[in-house]
Amino acid sequence: MRFLYYFILGSRIKTWPASLVPLIMSSALAFKQGFFDKSLFYFSALSILFLQIAVNLFNDALDGRQGLDDSHRRGPLRLVGSGALSFSQVRFMAFFSCFLAVLFAIPLVIQGGILILLAGMVSLCFTYFYTGSPYSLLKLGLSEMAVVLFFGFFIVFGVYYLQALTINSSLIYLSLQCGLWALSLLLINHLRDEEEDKKRGRRHIVTLYGRTHSLFLLIMGQAFIYLLCFYWLGLGFKSGAFSFFVLPLSVWLIYLICKNPPSQKYNFYLAFCSLCYILFGCAWTAGLLF
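Here our numbering is used: the first residue of the sequence shown is 276, the next is one more, and so on.
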């Protein structure tokens, strides 16, 4: 029970929508177009979720070993940094998550063949190199691009391809929407940790270009998400209209972030952004299917 408690704590549930919402939306699109296999959906969900959990646990373990999670941290409790678990224990959890992700991906590779195998191998590399090694994405200034690609294009195209064994141009628009939501989550996280990340030597949009430019990117990203809804309206899908019900919440979230400097409040903003993403995904899916 203790292992399970810390495993769930280290998995950072607030970040799960970044991987699960695009999976649901791309699966809904496949279902709408006559392609859907329930077992493939479940295996995809479990494999992708455990990959994301592995990223979070590797981040916890490696930051803790380097002494980067101190008492001044504004983010959620870290397992290694707080002394709750050792580096070896959290690293084991991370590798265990990778093992489960690979295990649940076996039926996916059987279905999708070499393309899904290659995508899975790239995803496994992403789980470690996002934080680990001197060439981590956070040190090379590539974290934002990687998040948009993985939580947008990789998941949307991959899940849809598994269901239909084909792709179409609509996936580009859906990938952009999902990728920009994931980027919003990442930007809020980086805005909260700007001072800490500068000390850590992390290179991302907030540390490289400052708060003002980062807020502008956040605002433009959110605006573009809703502008892309007109594409779905053009196809005759109610998804475009239903998605706009979440717009007032997005506007309020951006207002709060622009108004308030980095503090513990940003943990609430991060959770609220996750909720907005979930509601957006539900509204979009409902508009597509009903």
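Just so you know, the hints here were simulated from the structure itself, not pulled from any lab data.
Each hint should be verified, as a subset may be incorrect.
[As the list claims (entries may be wrong)] 25 Å max Cα-Cα, derived DMTMM-like pairs, lysine to aspartate or glutamate: (1) Lys414 x Glu469; (2) Lys513 x Glu470; (3) Lys534 x Glu470; (4) Lys540 x Asp312; (5) Lys414 x Glu471; (6) Lys513 x Asp312; (7) Lys534 x Asp472; (8) Lys289 x Asp338; (9) Lys474 x Asp312; (10) Lys313 x Asp472; (11) Lys513 x Asp472; (12) Lys414 x Glu470; (13) Lys414 x Asp472; (14) Lys289 x Glu469; (15) Lys513 x Glu471; (16) Lys540 x Asp338; (17) Lys513 x Glu469; (18) Lys473 x Asp338; (19) Lys414 x Asp312; (20) Lys540 x Glu471; (21) Lys289 x Glu470; (22) Lys414 x Asp338.
Since this is a predicted model, take the numbers as computed values, not measurements.
Going through the hints against the structure:
no.	hint	verdict
1	Lys414 x Glu469	holds, 14 Å
2	Lys513 x Glu470	violated, 43 Å
3	Lys534 x Glu470	holds, 18 Å
4	Lys540 x Asp312	violated, 41 Å
5	Lys414 x Glu471	holds, 14 Å
6	Lys513 x Asp312	holds, 24 Å
7	Lys534 x Asp472	holds, 21 Å
8	Lys289 x Asp338	holds, 19 Å
9	Lys474 x Asp312	violated, 47 Å
10	Lys313 x Asp472	violated, 41 Å
11	Lys513 x Asp472	violated, 42 Å
12	Lys414 x Glu470	holds, 15 Å
13	Lys414 x Asp472	holds, 10 Å
14	Lys289 x Glu469	holds, 19 Å
15	Lys513 x Glu471	violated, 43 Å
16	Lys540 x Asp338	holds, 22 Å
17	Lys513 x Glu469	violated, 39 Å
18	Lys473 x Asp338	holds, 14 Å
19	Lys414 x Asp312	violated, 40 Å
20	Lys540 x Glu471	holds, 16 Å
21	Lys289 x Glu470	holds, 22 Å
22	Lys414 x Asp338	holds, 13 Å
Consistency with the previously given hints fails for numbers 2, 4, 9, 10, 11, 15, 17, 19, ordered from lowest to highest.
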